[in-house]
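Participant: Could you put together the complete structure from these sequences and hints?
Okay, here's what each chain looks like letter by letter:
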Amino acid sequence: DTAVSQTPKYLVTQMGNDKSIKCEQNLGHDTMYWYKQDSKKFLKIMFSYNNKELIINETVPNRFSPKSPDKAHLNLHINSLELGDSAVYFCASSQLQGSYTFGSGTRLTVV
Amino acid sequence: KQEVTQIPAALSVPEGENLVLNCSFTDSAIYNLQWFRQDPGKGLTSLLLIQSSQREQTSGRLNASLDKSSGRSTLYIAASQPGDSATYLCAVRLGTGANNLFFGTGTRLTVIP
Numbered sequence: 001d002t003a004v005s006q007t008p009k010y011l012v013t014q015m016g017n018d019k020s021i022k023c024e025q026n027l028g029h030d031t032m033y034w035y036k037q038d039s040k041k042f043l044k045i046m047f048s049y050n051n052k053e054l055i056i057n058e059t060v061p062n063r064f065s066p067k068s069p070d071k072a073h074l075n076l077h078i079n080s081l082e083l084g085d086s087a088v089y090f091c092a093s094s095q096l097q098g099s100y101t102f103g104s105g106t107r108l109t110v111v
Numbered sequence: 112k113q114e115v116t117q118i119p120a121a122l123s124v125p126e127g128e129n130l131v132l133n134c135s136f137t138d139s140a141i142y143n144l145q146w147f148r149q150d151p152g153k154g155l156t157s158l159l160l161i162q163s164s165q166r167e168q169t170s171g172r173l174n175a176s177l178d179k180s181s182g183r184s185t186l187y188i189a190a191s192q193p194g195d196s197a198t199y200l201c202a203v204r205l206g207t208g209a210n211n212l213f214f215g216t217g218t219r220l221t222v223i224p
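Sequence lines, in order, name chains V and S.
Under our numbering, the residue at position 87 of the first sequence is numbered 87, and the numbers go up by one with no gaps.
Basically our numbering = 1-based index in the second sequence + 111.
Since the hints were made in silico from the structure, they are not lab data.
Some clues are possibly wrong.
[What the hints assert, rightly or not] Derived SDA-like pairs: lysine to any residue, alpha-carbon spacing no greater than 20 Å straight-line:
hint: 1; chain 1: S; residue 1: Lys153; chain 2: V; residue 2: Glu53
hint: 2; chain 1: V; residue 1: Lys19; chain 2: V; residue 2: Asp38
hint: 3; chain 1: V; residue 1: Lys9; chain 2: V; residue 2: Glu58
hint: 4; chain 1: V; residue 1: Lys44; chain 2: S; residue 2: Pro151
hint: 5; chain 1: S; residue 1: Lys153; chain 2: V; residue 2: Asp38
[As the list claims (entries may be wrong)] Chain V is faced by these chain S residues, among others (derived, beta-carbon under 8 Å):
hint: 6; residue: Leu130
hint: 7; residue: Gln145
hint: 8; residue: Lys153
hint: 9; residue: Ser157
hint: 10; residue: Leu160
hint: 11; residue: Pro193
hint: 12; residue: Ala197
hint: 13; residue: Thr198
hint: 14; residue: Leu212
hint: 15; residue: Phe214
hint: 16; residue: Thr216
For clarity, every value in this text was computed on a predicted model and none was experimentally measured.
Virtual Cβ for every residue (Gly too), placed ideally from N, Cα, C.
Facilitator: What follows is the structure, given as structure tokens:
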């Protein structure tokens with residue numbers, strides 16, 4: 001199936017740990033994104049990346065870092081997890097003029 | 112700064128009713144507008160994409176309109192069904208660059224059987 005897939009679907013971890021969320025798209029899109037959905041269900045951009053440019057939302061702590069081994073993958077690495085990092089994280093991709101396609105989300109719970 | 116507002120925040124209707132969801136945005140220089148559906152605990156499903164040069168798009172029982180000059184879009188759902196119950200999000204894109212998609216706060220729709 002053509003899609004944006006992200007793993008894991010659920011992630012429970014202790015404060016201070018380092019974790020990664022993986023994302024892959026097989027749509028041939030140029031740009032991939034990470035969004036955070038908070039407890040009020042508001043979606044906010046964290047990063048966008050194509051093979052030439054990484055754009056970081058200035059409000060994102062530097063404990064968060066995207067890593068892209070190739071055009072089809074954009075993984076999210078988080079260092080020193082904090083309670084406030086608990087949220088649902090969505091990966092997405094788009095073509096230059098097209099619509100966005102979202103993954104099914106990763107629910108991160110920091111305890 | 113682009114701000115996207117959706118009204119109402121929540122809506123309950125009896126099955127079979129036609130309904131309209133509203134989305135407004137402050138910067139009319141948009142590239143396109145996209146409507147999504149989000150089921151509880153799930154990801155976002157794209158419903159309709161309207162380019163800035165278009166006035167409306169239709170898919171099945173869904174019709175989305177766009178009035179760029181007034182900064183408004185509506186999503187019309189005909190003959191609502193319980194399966195339509197979800198949160199509906201609109202998102203505007205300001206350009207072809209990255210980091211240009213701005214989401215509204217969503218309308219939570221409940222269709223009562």
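Participant: Now tell me, hint by hint, if it's right for this structure.
Facilitator: For each hint, the structure was consulted:
no.	hint	in the structure
1	S:Lys153 with V:Glu53	29 Å, violated
2	V:Lys19 with V:Asp38	18 Å, holds
3	V:Lys9 with V:Glu58	26 Å, violated
4	V:Lys44 with S:Pro151	18 Å, holds
5	S:Lys153 with V:Asp38	14 Å, holds
6	Leu130	20 Å, violated
7	Gln145	6 Å, holds
8	Lys153	6 Å, holds
9	Ser157	5 Å, holds
10	Leu160	4 Å, holds
11	Pro193	21 Å, violated
12	Ala197	12 Å, violated
13	Thr198	7 Å, holds
14	Leu212	6 Å, holds
15	Phe214	4 Å, holds
16	Thr216	6 Å, holds
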